[in-house]
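**Q** Mapping to full-length UniProt numbering: the sequence shown position 113 is 113, numbers consecutive.
Just so you know, these hints were derived from the structure itself, not from any lab.
Some clues are possibly wrong.
Pairs of lysine to any residue residues, derived as SDA-like cross-links and limited to a Cα-Cα distance of at most 25 angstroms, are as follows [what the hints assert, rightly or not]:
#1 K54 x W79
#2 K54 x L105
#3 K54 x A44
#4 K54 x T29
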Amino acid sequence: MKTSPAVPVPEPARRRHVWIALAALYLDTELPDDELRSIAVTIADSGFSWDEVKQINYDEVAPALWPNLLSVAGEWASWDEEWLVGRLTAHYTGDQHRLLGSERLWRRQVDFYTADYLARIAAFLS
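Work the whole structure out from these sequences, hints included.
**A** Below you can see the structure in the form of C-alpha cells.
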C-alpha cells in the first residue's frame, strides 16, 4: 500500500465523514434501516450532492474496500476510523476508477454489491 496519496485529497475533513459512512456498505454484514438512515443523515449534512456521493463511492471508497466483500474472513463488525481514513487517503488518485480499462465495468462491479443499499439510502434522503 502507498504511504501517501499521489494526489492531495480535496476537502479531506468534509470527505472523512462521507468515507466513514459509505465504508459501512463494504462490511460483510447486512445493514439495518436505522444504519442506512444514519448514513443518509451524514450524507445530507456533508453538503455533497447525491451525484458527488455516488462518485466518491465509485472512485474513492470502493477501490479501497470492495475486496473485503470477496474475502472469506472479511471485516464484518466495523472499521477502525484512523485505519480507514489512512487507507482511503493512500488509495486516492483523483481519477475515475476502472476495471480492465473500463469505467463501466468497474461501476457494474461496485453496483453489484452496493446498489440496493444506495437506493435505500437515497429513499431516506427524499
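**Q** Next pair to validate is K54 with T29; report whether the Cα-Cα distance is within 25 angstroms.
**A** holds (21 angstroms)
**Q** Would you check the hint for K54 and A44, treating anything up to 25 angstroms between C-alpha atoms as holding?
**A** Distance of about 13 angstroms is within 25 angstroms: holds.
**Q** Taken at face value, is the distance from the CA of W79 to the CA of K54 at most 25 angstroms?
**A** holds (20 angstroms)
**Q** Has the given pair, K54 with L105, been kept, meaning a C-alpha gap of at most 25 angstroms?
**A** holds (16 angstroms)
Hint check: no violations occur; every hint is consistent with the structure.
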